[in-house]
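Number of protein chains: 2
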Amino acid sequence: MKEILRLDFRNMLRDTVGRHGATPAELQKPGRQALRYLQELKEERSNGQHQFLDLPYQKEVAEKIKKLADELRSWMTDFVVLGIGGSALGNIALHQALNPPYHSQEGKSRGVLRYAPTPRIHVIDTIDPDLFAGLLETLDLKQTVFNVISKSGATVETVAQFLIVKEMLKKSLGNAYTKHIITTTDPEDGALRRLAAKEGYEKLCIPKGVGGRYSVLSPVGLLSAAVSGIDINALLAGAAEMDLQCQKETVEENPAVLGACLQYLSYKKGKHITVLMPYSAALKAVGEWFCQLWAESLGKKFSVKGKIIHCGPTPVKAVGPTDQHSQLQLYMEGPFDKVITFLAVDKFKSRVKIPLSPETDFEYLSGHTLAGLMEAERRGTELALTQAGRPNYTIYLPEITAFHVGGLLYMFQVQTALAGKLFGINPFDQPGVEAGKVNTFALLGRKGYKVGATE
Amino acid sequence: MKEILRLDFRNMLRDTVGRHGATPAELQKPGRQALRYLQELKEERSNGQHQFLDLPYQKEVAEKIKKLADELRSWMTDFVVLGIGGSALGNIALHQALNPPYHSQEGKSRGVLRYAPTPRIHVIDTIDPDLFAGLLETLDLKQTVFNVISKSGATVETVAQFLIVKEMLKKSLGNAYTKHIITTTDPEDGALRRLAAKEGYEKLCIPKGVGGRYSVLSPVGLLSAAVSGIDINALLAGAAEMDLQCQKETVEENPAVLGACLQYLSYKKGKHITVLMPYSAALKAVGEWFCQLWAESLGKKFSVKGKIIHCGPTPVKAVGPTDQHSQLQLYMEGPFDKVITFLAVDKFKSRVKIPLSPETDFEYLSGHTLAGLMEAERRGTELALTQAGRPNYTIYLPEITAFHVGGLLYMFQVQTALAGKLFGINPFDQPGVEAGKVNTFALLGRKGYKVGATE
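Chains as they are written, first to last, in the numbering used here: chain A, 1 to 455; chain B, 1 to 455.
No lab work stands behind these hints: they were computed from the structure.
One should not assume that every hint holds.
Stated by the list, open to error - The list that follows gives simulated cross-link-like pairs (lysine-lysine, BS3-like), each with its CA atoms no further than 30 Å apart:
no.	chain 1	residue 1	chain 2	residue 2
1	A	K347	B	K170
2	B	K208	B	K64
3	A	K353	B	K437
4	A	K198	A	K208
5	B	K170	B	K307
6	A	K353	B	K450
7	B	K170	A	K317
8	B	K268	A	K317
Unchecked claim - Just so you have them, the derived chain B footprint on chain A, three or more residues with Cβ under 8 Å:
no.	region
9	227-239
10	380-394
11	412-420
12	440-450
In this text, a Cβ means the ideal position worked out from N, Cα and C, and glycines have one as well.
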């Protein structure tokens, strides 16, 4: 069994961090509950629920996507994802974690082809007109493919983007335009799906029962990953391996159960803010993906029993060491309302040696590497927070590969499902966003919609 | 007087938003206090404190920087800022707000020069070895300038970056390397300053008494802005105009006083989280800049009187409409622990028309623009939050120009200084980050440092 991650939670305990930490007795109760909920989850899964848990095993889908990606890579220079929320964050997370840092910013720069000629990836998760116009200016439409992703097929931002792009493509490429659009939607329903069938676009499916924020390992995330050259088989293998680890029936052995317990208990102890702080530029967007998963899944007005509870931890994304110079002051000295999760990387691809320095002021850096400095800073910060009585724990990744990232994302999804059960809410819906949509439709003059009509 | 911004706070009032809103009486007390503190601030300023308030008037500095920038632009293709925290966030904010969205991602792409040949700007605010190695790979050192920014001249991350870059430059360019480094530091002190004097680098000064997070309008932010083609005179003119508005002695007329009161009162009413949500991709990094300013300034253990208070709102960055599909569910239904500030833009540079759509499902979008959709979404969200009893207010910018952004940043700084006084803390220090630094030095084996020595 290959190690995907280790979780060190000693700084969550009263013995280490003081009165804001948990006693072993305090941990036991949610631990027992979470193991019971794990059983429930397994039963529900075997009854056909929680299809996101089975995404790692979609071998045929992965093969189809790899073939499609290979075909696209033979002629395409730019791959644009049009999607928002769950249709974008997973793509961004995979791309940032697993491709070289300047992958999509450099095509051919100053005449020098600096990277393998994989297409550039753009994930456009906004309708900002200046950004969208700016993007369109940089594209050569003849060599560009647009992947329109919307579970419902009716997401207003994505549909608006799609309509603009479709017209541009038609104008510039005529009937051949259809091979520049690929839709990823519900397998049966939705306006976009119907249109795709009519016009003859390539179609991918988001399996029934897989919600947007749980869809990264479905075609939603897999196509852009494969197109950019990420090994999606390894990604799914890591997730499958993590599936096994997330079925273990002790708190210590099961990182999803442990993470859910630590987060739930922190909330109950008044830590309503949860900070995820990777010490890695590549994992920054994994933090943003997690923030959606956590916020939208757990922020709920009603319990599953229909009681008004207004529950939900607020996730905050940070990144080390950058935010030591931005947020750490608050984490060290502000209210005791936070729990901090570090993401640490054992082994970076590069180390980057800091040269011997004759200037005595900087002598202490001689012989170190940026990788070593990064870890010293993380450890230094972790220790300082612990000394200051601030609960924190660390998830260590051995390295950042498709296998490890697949496992990490899978673990966070299982953790979220279990946390939903601990909080007593439904982590798979998002009823609270309806009112804003209705208002927007009303303001746009759409028939049958009135401002405030959901109240 | 040119309008820089408007602030609409009706959704902060009990009449509009319900019991989580403020009554006029509740607003009066902090209003009176804030106006008294405004007097205090003015007196302190006339006694030589708060030099950041006078940055808009540094005409000679601006002229020097423009000349330097013009010279650099004549031969340079890449300008790299090495800095972290306050030495980076302002640069990123200006660059993202005021340059075209793909400005620095495209030099010459696929043989087509798509933008004016201004240099690309890279702000490297991390020591992530993979990112740093990736950056160095994309640069042509002969045409690159590194701006090393550190107030103290001893920031460990920046010094490490600098040492690596210096050696690379020396190896590849010999003695001519010195013209590829510009330092921006304290005018007198610091190891970096001494080294710059010895080696003969171009030197810029951060005026005495201007802390990192208040330095965006000093050479810290101005040089990279000027180099990228931003009109720094307009930037400073907007700030100067805002200086006048922030001296007005009524709550309604003074946006900094009003903002400080609204935020302070929200905190006192249990809203410990403050969300800044621009509906603009260009202003996203202004949000990140604000998060540092707010967190590091107000997150404090001790009051100015020496009492332990552990105070500090937690700023959260969001962006619309993207985070409607990520965080809004939590904001709508979660705990009543947030106040939300929208940043709205009246007029984007592009509008981007959505084509007439024969597909009836999408007919309601016909005739709208992305800009119009953006504002309908913001309004729809604002109304939904208000209906759900969630206090929020909106800062409207007429458009995103250097003048308006200069004014906005200046306003936030004054707001922070005043909020510091309302909270009874010192918003200009950051004692809490010392412990982490000491631990890091100890872990690196630096002489004279021990883990936990600050406890």
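Against the structure, the hints come out as follows:
no.: 1; hint: A/K347 - B/K170; result: holds, 29 Å
no.: 2; hint: B/K208 - B/K64; result: holds, 18 Å
no.: 3; hint: A/K353 - B/K437; result: holds, 20 Å
no.: 4; hint: A/K198 - A/K208; result: holds, 22 Å
no.: 5; hint: B/K170 - B/K307; result: violated, 52 Å
no.: 6; hint: A/K353 - B/K450; result: holds, 24 Å
no.: 7; hint: B/K170 - A/K317; result: violated, 38 Å
no.: 8; hint: B/K268 - A/K317; result: holds, 24 Å
no.: 9; hint: 227-239; result: violated (count 0)
no.: 10; hint: 380-394; result: holds (count 7)
no.: 11; hint: 412-420; result: violated (count 0)
no.: 12; hint: 440-450; result: holds (count 8)
Hint compliance for this structure: hints 5, 7, 9, 11 are not met, and every other hint is.
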